[in-house]
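Throw the hints in and build the complete structure from the sequences for me.
2 protein chains.
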Amino acid sequence: MKLTILFGGASFEHEISIVSAITLKEKLSSAKLTFIFCDTDHTFYLIDAAKMKAKTFSSGEYKKMPQLQLAQGCFTQKTLFSKTEYDSVVLNLIHGADGEDGTIASLLDFYAVDYIGPRSDACTFSYDKRYTKYLCEALGVKSVKYEVLHKNEVNKITIAYPIIIKPARLGSSIGVSIVKEESELDYALDVAFEFDDTVIVEPFLEGVKEYNLAGYCANNEMHFSIVEEPHKEEFLDFEKKYMDFSRSEQVLGADISEELTVRLKSNFEKVYDRLFEGALIRCDFFVYHDEVLLNEINPIPGSMANYLFEDFASAIEALSHSLPKKKQIKSNYEYIHSISKAKGK
Amino acid sequence: MKLTILFGGASFEHEISIVSAITLKEKLSSAKLTFIFCDTDHTFYLIDAAKMKAKTFSSGEYKKMPQLQLAQGCFTQKTLFSKTEYDSVVLNLIHGADGEDGTIASLLDFYAVDYIGPRSDACTFSYDKRYTKYLCEALGVKSVKYEVLHKNEVNKITIAYPIIIKPARLGSSIGVSIVKEESELDYALDVAFEFDDTVIVEPFLEGVKEYNLAGYCANNEMHFSIVEEPHKEEFLDFEKKYMDFSRSEQVLGADISEELTVRLKSNFEKVYDRLFEGALIRCDFFVYHDEVLLNEINPIPGSMANYLFEDFASAIEALSHSLPKKKQIKSNYEYIHSISKAKGK
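So the sequences go chain by chain: A and B.
Numbering follows my numbering, in which position 3 of the first sequence is assigned residue number 3; successive positions increment by one, without gaps.
Numbering follows my numbering, in which position 239 of the second sequence is assigned residue number 239; successive positions increment by one, without gaps.
Be careful, since some hints might not be right.
[As the list claims (entries may be wrong)] With a straight-line Cα cutoff of 30 Å, these simulated DSSO-like cross-link-like pairs (lysine-lysine) come out:
hint, chain 1, residue 1, chain 2, residue 2
1, A, K55, B, K2
2, A, K326, B, K64
3, B, K64, B, K51
Rather than coming from a laboratory, the hints here were simulated on the basis of the structure.
Structure follows, in structure tokens:
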């Protein structure tokens, strides 16, 4: 398998993406990998596999590596006298802004570069937590109730404490707080509004069970990972999640009933259906009072949730052969011709 | 005012976009306009204003004009010894695919080019008629009831005839049919499925009134056009709509009560709120049994609905000064530094 790992991006999760890419270098070592880094200025660099270390990026050393441009069907490296093309399937591994908000998807679609990852519409419905709620509502998938607050708006929260405050458009727990009483609210809102002008408020559910499930569609069939019950802390903060993104050891399945597994998969499938084709996603569910609730869709999960799959490399390979194709639209200028004729011109 | 009109695109509405651009050349004659054409191969060309005629495109003559590339902050024209930058605000005038599906929005966002037009999320909710329904549902805006049918799926339509069949993701009435009885259904579905794998089915409402309203937000304030009652035919087919896109004469306002005008504006505002900032959009409403229903959001209306505004050039100028800014995100590699430290490397 040949694969291009595209990582970095102008995002609060920029560093997490680097960690993910380094992890995948190891997990996909049987593949012929090309590494393309997008820096926060949106310049693309070709990174030598031997240089895939955190320091290459934090030190700025990457800037000495060859710059690439997007062209129809590939990334290209141009010098005065030559042009090298990198045209293997891209794995979009840019977490957060750029990667998960539809920007990279559209860019690759425009340049007709095949890629593993969520398409633009799928990004809209997973990147912004409000729109995930809209999707759940429309599909009949249950989720936690919520309220929306905009920056500089009067506090109109009616949900009882304890509550969770989340920036609408960030992953990896950045800017998220649990607020136990009103006196802690202003600080939590200030933190969240540093990252987004829109905030989601949810009740904090005590005693909730959490389960993660990843999956993808290949050859017109859904393929699921094992179900994981993530290590339970009150919630994972950014640094813990950060370490989490470098996970590469396969985990054990959660000790849950077959019946619950089926319910989780059925909810996953409702969400994934067509919208997420081309992507391997992870859905994080809550089980609360015996109800399955969708908490979050991760359309580009940390290190692609490799640790949930028995044979991760084969999963990626199968997916790379099942990518949705964009309809090619040409114009024969039929209407302009017919109008010009009608006008006698 | 300096403005770049970006038009064309790989879309079934490619030719309509050309007609729109030619119309705007006339309507914005007081501005310093640059014309950039995106052909169906996704190559950008700089078009001499004197060549802004339908024939330039239908004859392929545009291919002799200078090619442009996207770069940070501008379009550039590169020759061996020089580089010319075109950095005025872009008006995204690409109707249908590319322009209205979020592709161009993401492309311009990635390259930090300022533009008038819907952002990526706004495109998702207006381009696909299903997602417009999701939005209406979430915002409490009424719309016509609907069912969804996918290609190769068993017919499970329960809405009583007459019904309307529409491809989920096309504007300008392309592929739309009114089906009066079951015998006409298969043909109508075949037509619609030529353009999209997903189809929307709605009841055909006899005696419905139709009203169009355009508007935009500038200086933190909504600005509305007059309300138009479009010429009533059973519905506008593609060729009639096509001619419609070249409209440039201001129309008279519909003869409706102040109370109805207020209701239309209030529904418009609910839809527009934040999501459509940066865009001048047209909402097409139905009034049926005294209820206001949202029929369609046109995030890049034909010839920008110029004919609905008293002073269209000033509207565009005000909007060009009120564009949403994307947050600049840089990385200080704080986490990588702290982890490297912890590891003693």
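Which of the stated hints cannot be reconciled with the structure, identified by number in ascending sequence? 1
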